Amino acid sequence: MTLPQASSFAPNVDHLFDTLLALCTLVVVGVFTVMIVFCVKYRRGTSAERTPARSHLGVELTWTLVPFVLFMGIFGWSVHLWIRLRTPPKDAQPIYVVAKQWMWKVQHPGGQREIDQLHVPVGQPIRLVMTSQDVIHSFYVPAFRVKQDVLPDRYTELWFTATQAGTYHLFCAEFCGTDHSRMRGEVVVMAPADYARWLQAHAGIGLAAQGAALFRRLGCSGCHDPQSGVHAPSLENLYGSTVPLSDGSQVLADERYLHDSILLPKKQVAAGYAPIMPSFEGRLGEEDVLALVAYLKTRGTQTEKPE
Amino acid sequence: MAHAATHDHHDEHHGAPSNFFTRWFMSTNHKDIGTLYLIFSLTAFFVGGSFAMVIRAELFKPGMQLVQPYFFNEMTTMHALVMIFGAIMPAFVGLGNWMIPLMIGAPDMALPRMNNLSFWILPFAFALMLSTLFMHGGGPAGGWTMYPPLSLQSDSLAYVVFAIHLMGISSIMGAINIIATILNMRAPGMDLLKMPVFVWSWLITAFLLIAVMPVLAGAVTMLLTDKYFGTSFFNAAGGGDPVLYQHVFWFFGHPEVYIMILPAFGIISEVIPTFSRKPIFGYKAMVFAIASIAFLSFIVWAHHMFAVGLPLGAEIFFMYATMLIAVPTGVKVFNWVSTMWGGSLTFETPMLFAIAFVILFTIGGFSGLMLALVPADFQYHDTYFVVAHFHYVLVTGAAFAIMSGTYYWLPKWCGHMYSEFWGKMHFWNSVVWVNVLFFPQHFLGLAGMPRRIPDYNVAFANFNMISSIGGFLFGASQLIFLGVIIHAVFFSKKKAPDRVWEGARGLEWTVPSPAPHHTFALPPVIHDDELAHGHVED
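Order-wise, the sequence lines are chains A and C.
Here full-length UniProt numbering is used: the first residue of the first sequence is 1, the next is one more, and so on.
Here full-length UniProt numbering is used: the first residue of the second sequence is 1, the next is one more, and so on.
For the record, the hints were derived by calculation from the structure and aren't laboratory data.
Quick caveat: nothing in here was measured; it's all calculated off a predicted structure.
Hints may be right or wrong, so weigh each one.
[To be verified] Quick list of the computed label-pair ranges, beta carbon to beta carbon: (1) A:H80 to C:F298: 22 to 32 angstroms; (2) C:D498 to A:F68: 39 to 49 angstroms; (3) C:M465 to A:T167: 19 to 29 angstroms.
[What the hints assert, rightly or not] Below, simulated BS3-like cross-link-like pairs (lysine-lysine); rule was C-alpha separation at most 30 angstroms, straight line: (4) A:K267 to A:K100; (5) A:K41 to C:K424; (6) C:K284 to A:K41; (7) C:K424 to C:K495; (8) C:K424 to C:K493; (9) A:K100 to A:K90; (10) A:K266 to A:K100; (11) A:K105 to A:K90; (12) C:K61 to A:K100.
[Stated by the list, open to error] Covered stretches of chain C, as calculated for chain A (at least 3 residues, CB under 8 angstroms): (13) 311 to 319; (14) 421 to 429; (15) 484 to 491.
We put the CB at the ideal spot given by N, CA and C, even for glycine.
Build out the structure end to end from the sequences listed, making use of the hints.
If you want it as structure tokens, here you go:
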């Protein structure tokens, strides 16, 4: 049951792991061999020469410093690798994931929805934006060597580039209650042409369009429309901008900020505005919030093109 | 010191109270309380072990076989809580209670009544916790780490929280007692740097306990108020953060790992020199290594949380600090091996367990090092690789050391030799089956099998079956352990000499076997050459 290397991370992570494994095996086998040799050579009654040594500073320093230097080498390698792996490339395609007890719900920007399945193309960097409806879950695809906890009221991100078409296991790695073991699915990696066909066949109303409909239905424009009589912040060009807050600090208007402003509006109040926005906590599911966030991102964005 | 000695002087000619209730329930005697702790620990070991048997039976084949998922989750949660707080920690406290006064020439623990209290809290704490298994709504099933929001869904949270408070109070009192005893009641001439390594390891462990048990108590109390009193420490909707719990919990949790292994280091550092007939190699290096491990244990907690999502700087710092711990740990392993170099070795049961400890603990330590690497941890976190890692550290590490110590000191406790044949049977069965049990779990983890699942993909079937077979046989092997102890205590005819082992050094071997109810009522006159570490120059 060898694990396929199905993402661009996999060879790097495996290489690091295998090197450390080899080093550790060498030491364990070494220690084991030396112990066996001592057990045989110095068992009571043998004529081996007995040394009275009780301690030796040079020896102590050697076996302190040599492992230290070796480990620091591995440490440097890990840091180097990790800095490269943790930053998603600019062209990564976002896909939204909502975890709940006990299923994975996936929404593509084009409105395609999936449950316990995720379709992605080969060779395209994918950035998953994930949140949980209830407890902590963890999105884990062993064949990709990636894992990321999924937390309630917070967006966490995970990115990867699949390199091999096929179907791979998706597990929940963070214990999440009674049916944790059943919270599993599959990631289907397809050739780009197949993926385009799949998207076409499953196209729904785009995520941003769903958000726009919600925006109207919930009456958000009643306050946030420029023509409105209520003194509320404008949402044009909000995403990606820096928002001054009433406590004097500043915050980057990212996905998390937009999410929190809808569900927990008292948490970060924009400077110059009264905290009159009602909370939508309990009225909106995380999937609806994702749609709203996707819509707000299209209202004139500074870093991303409208989807 | 002198005061404590005179205080107990009037008891000198008294034996143990003949009334059963007075002797065991009202005891202030360190040996009787030590025995109580050890019996409690052995009981918890079998209770927690039976939970493990349920787990392995369910995992024997893929699919749901025997139990409901909720019950399985109760078993994983309770197995951990019982083994950690009921088996491993009380075993070390029991060994410390019995041996520390004997090793430093003290008449008893410094605070005997508190000693009684710290033991007798424990049965109530465990009754409280285990009673939830029989209640409507079931026991805790959110994992022993009790991460919110999941743990807040449980109806039995309050029971577990109060049980943990009681266990924490017990541990803190035990730790205070041990520190007070070691610092105040050493016989004249027993300098700090002449103490046995076991005493050193317990002194340092006791400080860790005092530092972190209140942190755990705080964390679980916040869970309690979040659930019942409307606070929002861990609830994002109220301005809290579930990740805060993980930080607080692991600030306790990581030193806790060392609370469960440092006294094991101490035991191994007593056993290997005795059966090598040679003082330990690098005594001071051993003591400094324990102290550095204890210090580092406070600054590595977030390596349990890499997958939660931490800032890059934090990830790098915690990876660095974690890898540093491997250095003093390596020093200890190399020193144990060097102690055998040029010795005159015999292989009685305690030594066999100690040798197995050195190898198997090293394997557990290295799998921990692999998990310390952030890029690798993102693959192996929360998989069976982690399960294999901490069972190598806690079963073939802590539990093997406790077994080694039990065989080593049992003749001193009961006055009779145990059966060497059956002791060796216990050892060989344990060491073979424990590897059949846990080694395949590394492969399961490398293949991506998550932890805490009653049902798994068929791809994982073979190694799970092997692991379960190993588990059943390892569990059954522990019945030999029970048999050997019962035989030695009640039926063995072979009298143990005062110095039970030919190569043993230290004050505990200068008192008769079995150790009389009161020892060292007058401080012993210490001759450095009788001590294991009497002449420490470098």
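Open item on the list: For a C-alpha distance cap of 30 angstroms, please report whether K424 (chain C) and K493 (chain C) respect it.
Closed with: holds (19 angstroms)
Task: K424 (chain C) paired with K495 (chain C) [C-alpha distance capped at 30 angstroms] - done: holds (19 angstroms)
Task: Assertion that chain A covers the segment 311 to 319 of chain C - criterion: three or more residues, beta-carbon distance below 8 angstroms - done: holds (count 4)
Open item on the list: Can you confirm whether the C-alpha distance between K61 (chain C) and K100 (chain A) stays at or below 30 angstroms?
Closed with: Within the cut-off at roughly 27 angstroms; holds.
TODO: For the pair supplied as a hint, K105 (chain A) and K90 (chain A), confirm whether the alpha-carbon distance does not exceed 30 angstroms.
DONE: Roughly 25 angstroms between the alpha carbons, so the hint for K105 (chain A) and K90 (chain A) holds.
TODO: Starting from K266 (chain A), check that the Cα of K100 (chain A) is at most 30 angstroms away, please.
DONE: Judged against 30 angstroms, a Cα distance of about 25 angstroms means the pair holds.
Task: Three-residue Cβ test at 8 angstroms for the coverage of the segment 484 to 491 of chain C by chain A - done: violated (count 0)
Open item on the list: K100 (chain A) and K90 (chain A) were given as a pair; does the straight-line alpha-carbon distance stay at or below 30 angstroms?
Closed with: holds (29 angstroms)
Open item on the list: Within 19 to 29 angstroms: is that where the Cβ-Cβ distance between M465 (chain C) and T167 (chain A) falls?
Closed with: holds (25 angstroms)
Task: Hint check for F298 (chain C) and H80 (chain A) - Cβ pair distance inside 22 to 32 angstroms - done: holds (27 angstroms)
Open item on the list: Check the hint pairing K41 (chain A) with K424 (chain C) against an upper bound of 30 angstroms on the C-alpha distance.
Closed with: holds (21 angstroms)
Open item on the list: So if I understand the rule, the pair passes when the alpha-carbon distance is 30 angstroms or less; does K284 (chain C) with K41 (chain A) pass?
Closed with: holds (27 angstroms)
When the structure is compared with the earlier hints, violations turn up for hints 14, 15 and for no others.
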